[in-house]
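Asker: Line order of the protein sequences matches chains P and E.
Be aware that the first sequence starts at 1, since it is given in my numbering, and climbs by one per residue.
Be aware that the second sequence starts at 1, since it is given in my numbering, and climbs by one per residue.
Note that these hints are calculated values from the structure, not bench results.
C-beta: ideal position from N, C-alpha, C; glycine also.
Wrong hints could be hidden among the right ones.
What the hints assert, rightly or not - Derived list of chain E stretches under chain P, where covered just means 3 residues or more per stretch with a C-beta under 8 Å from a C-beta of chain P:
id	region
1	34–41
2	44–50
3	59–65
4	85–93
5	168–176
6	181–194
Said to hold, decoys possible - Listed next, the stretches of chain P that the computed footprint assigns to chain E, with coverage defined by at least 3 CB atoms under 8 Å from CB atoms of chain E:
id	region
7	46–53
8	79–90
9	124–137
10	204–213
To be verified - Heads up, incomplete: computed chain P residues facing chain E, CB under 7 Å, no partners named:
id	residue
11	LEU63
12	GLU71
13	GLU75
14	LEU98
15	LEU99
16	ALA101
17	ASP145
18	THR187
19	MET189
Protein chains: 2
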Amino acid sequence: MKLYTYFRSSAAFRVRIALNLKGIAYQPQLVHLPRGEHRKPEFSAVNPQALLPTLELDDGRRLAQSLAIIEYLDEVHREPPLLPRDALGRSRVRSLSLLVACEIHPLNNLRALTYLRQQLGQDEDGVKTWYRHWIADGLAKLEADLARSPDTGKFSHGDAPSMADCCLVPQVFNAKRYDSDLGPYPTVMRLFGECMRLQAFDRAQPSKQPDAMAS
Amino acid sequence: MKLYTYFRSSAAFRVRIALNLKGIAYQPQLVHLPRGEHRKPEFSAVNPQALLPTLELDDGRRLAQSLAIIEYLDEVHREPPLLPRDALGRSRVRSLSLLVACEIHPLNNLRALTYLRQQLGQDEDGVKTWYRHWIADGLAKLEADLARSPDTGKFSHGDAPSMADCCLVPQVFNAKRYDSDLGPYPTVMRLFGECMRLQAFDRAQPSKQPDAMAS
């Protein structure tokens, strides 16, 4: 398998974790987002959505969108499961994953920040304030949900890592990068710490990717 | 079942369509987003994420996040299926759904627009320009993906409506509301037209909801 990835893409980071948890070897295909390599025709031919990550299967077929890729991997490579076996549990894991993927990350991705700088004339302080606002808004929701539920265990859902943890960890990395105050989210940070003890999460982090060195 | 909904919430609109397609009767629980009813403690007790939609099952258990709700409905009420039977097809439908749910909608939802107005001092022109920018960016990606794939049929995936159509239709409603130019997206608009011929989509639209009248 080939994974089109960029070390700082937190959506690609989610899939790197999932591939590691499943023990699936993959070849990274590096796409430099800040240089706009994802907007070039060569990459549109790979993924018409022009987004990272993109997973290329051994037969050449390609999958887009991190959560759709993780669900596919979980259906085709069953062990260890990244979604629980029961429908309500699966719904909960998806809901926690989507809370990160829909409510926080899109507002803080590269193209939103570029718009703030270029179209709205925001300086770095303005951009950082925006960034931290959505981190705080979203992590407060995630904390409330996780802290209240009896289904939260050693990990986001029970005592094994799931798709929800594949989303939580990259989001916390982003929050740290922008110096967000993480004090108000003790449950989120406990789960983050638990995940980072696992090789699968540790090896997927931005600083350990081949393109991190060259950057 | 109870659905916590607001007529203009496009995430709630997705679930209304799915419930109608499945033929599941539900009781709407109206939550007025512009008045901030979703941020009140009464509603946080219902959904700690403080977001619409929320689905309450007959036994009182509650589900959050539109796509997680639709996946649950599809697993528990199998007919008609809103996701295909094969893993690659399911991945494609999820990818098209997530393209709307992650790449377009979060940038244009109420709280992002409120931030633009209140924190960044944008006037209505500035807000509309932002809104249309993300519609154009996202619908161009959706059009490219749909137009190129042999799997696109009468609907987004094959000849029956799927979760992808539950996402596409509300997004086009939003685009129309903000007078976006929809000329560049002929495939998206063909699918939109096909969907709107179905009662399940028509009855779910904002203007036909009970709270539309009172607004």
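Asker: Would you mind marking each hint as holding or not holding in the structure?
Answerer: Each hint, compared with the structure:
1. For the region 34–41 of chain E, the proposed coverage by chain P is not satisfied: 0 residues have a C-beta within less than 8 Å of a C-beta in that chain, short of the threshold of three.
2. Here's how the region 44–50 of chain E fares: 4 of its residues keep a CB closer than 8 Å to some CB of chain P, so the rule of at least three is met and the hint holds.
3. With a threshold of 8 Å between beta carbons, the proposed coverage of the region 59–65 of chain E by chain P holds, since 4 of its residues qualify and at least three are required.
4. With a threshold of 8 Å between beta carbons, the proposed coverage of the region 85–93 of chain E by chain P holds, since 5 of its residues qualify and at least three are required.
5. Interface restraint, the region 168–176 of chain E with chain P: violated (0 residues with C-beta to C-beta distance below 8 Å; minimum three).
6. Restraint check on the region 181–194 of chain E versus chain P: 0 residues with Cβ-Cβ distances below 8 Å, three needed, restraint violated.
7. Check result for the region 46–53 of chain P against chain E: holds, 4 residues qualifying (beta carbon to beta carbon below 8 Å, three or more required).
8. A count of 3 residues in the region 79–90 of chain P with a Cβ less than 8 Å from any Cβ of chain E is obtained; the coverage claim is therefore met, three being the minimum.
9. Check result for the region 124–137 of chain P against chain E: holds, 5 residues qualifying (beta carbon to beta carbon below 8 Å, three or more required).
10. Given as covered by chain E, the region 204–213 of chain P fails the check, having 0 residues with a CB less than 8 Å from a CB of that chain where 3 are the minimum.
11. The criterion of a C-beta within 7 Å of any C-beta in chain E is met by P/LEU63, whose closest approach is roughly 5 Å, and the hint holds.
12. A hinted interface residue such as P/GLU71 counts as satisfied when its beta carbon comes closer than 7 Å to some beta carbon of chain E; here the least separation is about 6 Å, so the hint holds.
13. Residue-level restraint check for P/GLU75 holds (minimum Cβ-Cβ distance to chain E is 5 Å; threshold 7 Å).
14. For P/LEU98, the shortest C-beta to C-beta distance to chain E is roughly 4 Å, which falls under 7 Å, so the interface hint holds.
15. A cut of 7 Å between beta carbons decides the hint on P/LEU99: the least distance to chain E is about 6 Å, and the hint holds.
16. For the restraint placing P/ALA101 at the interface with chain E, the shortest Cβ-Cβ distance is roughly 5 Å, inside the 7 Å limit, so the hint holds.
17. Using the Cβ-Cβ criterion of 7 Å, the hint placing P/ASP145 at the interface with chain E is satisfied: the shortest such distance is roughly 4 Å.
18. For the restraint placing P/THR187 at the interface with chain E, the shortest Cβ-Cβ distance is roughly 11 Å, beyond the 7 Å limit, so the hint is violated.
19. Of the supplied interface hints, the one on P/MET189 is violated, with its beta-carbon coming no nearer than about 17 Å to a beta-carbon of chain E, more than 7 Å.
Hints 1, 5, 6, 10, 18, 19 from the list above are not met by this structure, while the remaining hints are.
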